[in-house]
Structures are given as C-alpha cells and as structure tokens.
Amino acid sequence: MNDYIKKTDKYGKIWIWTAAFIIVMIPVVMCIAYNAWPPIVPVLKGLLGVAPMFWTVGVIEVITYTPMLGVGGTYLGFVTGNITSIKAPAALTAMENMGVEPDSEEGEVVSTIAIATSSIVTTLIIALGVALLALISPILNSPTLQPAFDNILPALFGGLGVVYISKNWKLSIAPLVFMVALFLIAPGLSSAVGVLVPVGIIITLGAGRIMYKKGWI
Amino acid sequence: MEFNVNSTFLYIIAVCVIIFVLAQSAFFLVRAYRRGKQLGMSAQKLRKVIFSTSIFTIAPAISILLGVITLSKFLGIPLPWIRMSVIGALTYELPAAESAASALGISLSQTITDPATYTTVAWVMTLGIMPSIILPPILMKKIKGGMLKVKNKDKKWGDIFMTSLFLGMISAFLGTAFAHIREGLAGYIPLFVLLVSAAIMGICGLLIKKFNLKWLETYAISISMVGALVFAVLITPVIVG
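Same order as they appear, the protein sequences are chains A and B.
End of the first sequence = 885 in the working numbering, gap-free, step of one.
End of the second sequence = 309 in the working numbering, gap-free, step of one.
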C-alpha cells in the first residue's frame with residue numbers, strides 16, 4: 669500500500685468504527701429515552717429469522733466487493749449501504765468511463781469519488797423526499813410508476829452488462845449460461861441473489877483459468 | 069418521554085445520523101478529489117465523474133425513498149430514514165422488521181404504538197446488519213494483500229481475476245431477469261426491461277464510436293437505465309392488462 673492508500677485505510681477505519689458505535693447507540697438511546705428495553709427472547713427470536721441469511725450475505729459482500737470498490741470506497745460504501753443497487757455499479761461505471769484500472773491508485777481515487785458522490789446524492793434525495801413526503805408520497809405510490817421501481821435492477825444491469833460483456837465476451841459465457849439455467853430451474857433463488865454473486869465469481873474464475881491456460885484469453 | 073414513532077426526538081437522532089453520513093462522504097470525496105489532481109487527473113474529468121454519478125444515482129435513490137415510505141407505515145419516518153441512509157436496503161429492513169414483529173406475535177399492518185415493540189424492531193434491524201460494518205476494517209488487510217499477491221505473481225491473470233469479480237456479479241443479476249419467465253408473459257417483463265436497457269446502451273456505444281460523441285459516455289448508463297424504466301412503465305399495463 670502506498671502512503672495515500674495507507675492513510676485512507678487509517679481514516680477509513682476511524683470512520684467505520686465510529687459509524688459502528690453510532691449504529692449500536694441508536695437503539696440504546698431509544699431504549700433509554702423511552703425506558704423501553706426490549707425483552708431479550710423476542711430480539712433473539714427475531715434475529716434468528718434474519719441473521720443466518722443476512723450475516724452470510726454480509727460476509728460474502730465484504731469479501732466480494734472490497735477488491736472492486738477499493739479501500740476508501742469500501743469503508744464508505746459499507747456504511748452508506750445499497751452496494752449492489754448503487755455503489756458498485758456507480759464505481760464500475762466511473763472507472764470504466766475514466767479508463768482506470770480498479771486496483772490502481774487512479775482506480776482507488778475514481779471509485780471513492782463515485783461512491784462518495786452517490787452517497788451524498790442518495791442521502792440528500794431521501795432527506796428531500798422525507799421533507800416533502802406528503803407531496804410526493806401519492807406520486808411514488810401510484811400504480812403507474814410501480815413497474816419502474818420493480819425493475820430498477822434489470823434496467824441497471826442490462827446497460828452495465830453490455831459494457832462488460834462486450835469487452836470480455838469469452839469470459840462471460842460460462843457464468844451467464846450457468847446463471848440463466850439456474851434461475852430457470854430454481855426461480856426462488858432470485859431472492860437470494862447476494863449469495864449467488866460469489867458462485868458467479870467462482871464459475872467465472874474457473875472458466876477464466878482454463879481459457880487463460882489454453883491461451884484463449 | 070412519551071413515545072411516538074414520529075416524535076421530534078427520533079427526528080433529531082435521524083438528522084444527527086444523516087449529518088454523520090454526509091460528513092464521512094464529503095471527507096472521502098475531498099481527499100480523493102485532491103489526490104486525483106495530484107496524480108495528474110484533470111479537474112474537468114474529476115468533475116465529470118461527480119456529475120455523471122449524480123445523474124446515475126437519482127433513479128435508484130428514488131426507489132430507496134420508496135422503501136422509506138413503505139416502512140414508515142408501521143415504523144414512522146425517522147427509523148426507516150436512518151436505516152435506509154446507513155447500510156440498509158428495503159430487501160433487508162422489511163424482513164428484519166417482520167421477523168421482529170412475528171417474534172413478538174404481532175402484525176405489522178398498523179403503526180407501532182408500544183415503545184418496547186419499536187425498540188425490539190430497532191435492535192433486530194441493527195444486530196442483523198452488523199457484520200457488514202464490522203468486517204471491512206477487520207478483513208481489509210487480508211483481502212488487499214491477497215489481491216496484491218495474485219497480481220504480483222502474474223499481472224495478466226491478476227487482471228482476469230479482477231474482471232471475473234465484476235462479471236460474476238453482473239451475471240448473477242442478469243440471471244435474475246429470467247427467474248419468472250415460466251409464470252407467463254408478465255414474468256418476461258424484467259427480461260424485456262433488461263434487453264431494452266442493453267439495447268439502448270448498445271446504441272449509445274455505437275453513437276460514441278461512429279460519431280465520436282465523447283460527452284455521451286458520461287450519460288450512457290443513466291440514459292439506458294431511465295429509458296428501460298420508462299419502457300417498464302409503458303409495457304407493464306399492456307402485458308398485465
């Protein structure tokens with residue numbers, strides 16, 4: 669790590685541990701203010717309903733996205749969230765447009781700028797939306813617009829897919845064929861797509877290794 | 069203090085959290101921007117990244133706002149506002165709230181009036197998401213070290229490795245568009261939307277190459293996304309009826 673990235677790592681750790689403390693303190697403050705500590709059993713039961721799935725996805729996401737987002741982008745992206753639907757596509761698109769390598773210092777800079785910008789814009793849009801809720805709620809909840817909100821991910825990944833697949837079409841065949849077949853056979857898995865991202869990566873790496881050794885790519 | 073899901077006190081907590089998120093984002097933005105200039109990247113290009121990312125973020129951000137509205141029906145505004153601005157996503161927050169409610173034996177059809185119920189939901193949401201925030205600082209060194217090792221050993225394979233990460237992610241999300249096509253024509257809508265987005269991006273790519281429209285590079289992903297979303301709005305009533 670060079671000096672800039674080392675310092676980014678140091679500052680990033682300070683910010684993310686502070687964020688972790690604040691996140692835990694939010695329910696603590698609520699419990700103190702309302703003198704309403706929840707009984708432990710329902711919390712554990714409730715947690716049991718989501719933790720096995722979401723802790724697994726959390727571990728997978730950290731391992732998968734950290735190399736893509738870079739040091740600053742990771743520390744920021746994992747605090748502000750929505751990595752698959754905004755942060756990772758924003759970082760990838762920005763690096764692609766700027767023609768920089770993801771694991772270079774230029775890539776680190778561009779990815780961080782993209783993730784910071786999208787975090788600020790998202791936070792401001794949500795804040796503005798909350799301020800104008802009475803006004804915009806009927807519009808956003810209208811059945812006419814519902815299909816748009818239901819299809820954010822295909823609309824986003826269709827365009828992004830063209831950029832990456834056209835440049836790496838040989839490497840794309842195996843994971844694409846596998847994923848299409850998998851979702852056709854087991855449609856229910858679409859709700860667990862986060863878990864399937866590393867499966868896609870392993871298949872791409874396996875196929876890539878074979879093609880690389882054979883000199884096809 | 070008297071409990072209310074939309075109390076001023078809860079709004080104050082939300083505003084403090086929002087300020088923290090904005091401060092962290094601004095801190096990293098300024099540092100990266102300055103470093104970019106030191107590395108010889110032009111201010112114009114760096115500003116272009118900021119501008120194009122801002123445009124690109126608008127549509128998905130509005131869908132997150134919709135998540136806040138969905139959750140606000142039973143949790144009020146402040147807690148969903150906090151959760152969706154920090155780490156959260158509706159796909160996680162809603163099941164977490166439902167799981168907490170079912171553990172308490174209540175339904176989430178009405179606004180919560182009991183503070184203990186509210187704090188139970190808040191704790192389940194908080195604890196369920198903690199690995200995403202604790203693990204990056206713990207694993208960063210190992211992950212970066214691993215990547216460096218791969219790259220130092222064989223530069224070309226290192227590049228293929230990195231591209232494989234992107235393609236693995238993209239393939240998984242592209243595959244989900246096929247998940248519902250066995251349900252009939254309505255199940256094809258996500259696939260049609262995906263194909264329209266891809267087609268618009270392809271056209272943008274051609275225009276950029278043929279007519280050297282460099283400026284279009286900045287907006288191509290936003291144009292393909294918004295174009296596909298408009299298509300979704302138009303085609304869904306035709307298909308679903």
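A portion of the hints provided could be inaccurate.
Said to hold, decoys possible - Listed next, the in silico DSS-like pairs over lysine-lysine satisfying Cα-Cα at most 30 Å (straight line):
id, chain 1, residue 1, chain 2, residue 2
1, B, Lys105, B, Lys116
2, A, Lys678, B, Lys277
3, B, Lys113, A, Lys678
4, A, Lys675, B, Lys224
5, A, Lys681, B, Lys278
6, B, Lys219, A, Lys681
7, B, Lys224, B, Lys212
8, B, Lys105, A, Lys713
9, A, Lys838, B, Lys278
10, B, Lys116, A, Lys678
11, A, Lys674, B, Lys113
12, B, Lys217, B, Lys278
13, B, Lys209, B, Lys105
These are calculated hints, taken from the structure and not from any lab test.
Results for each hint:
no.	hint	result
1	Lys105/B to Lys116/B	13 Å, holds
2	Lys678/A to Lys277/B	42 Å, violated
3	Lys113/B to Lys678/A	27 Å, holds
4	Lys675/A to Lys224/B	28 Å, holds
5	Lys681/A to Lys278/B	46 Å, violated
6	Lys219/B to Lys681/A	25 Å, holds
7	Lys224/B to Lys212/B	17 Å, holds
8	Lys105/B to Lys713/A	51 Å, violated
9	Lys838/A to Lys278/B	24 Å, holds
10	Lys116/B to Lys678/A	28 Å, holds
11	Lys674/A to Lys113/B	25 Å, holds
12	Lys217/B to Lys278/B	40 Å, violated
13	Lys209/B to Lys105/B	26 Å, holds
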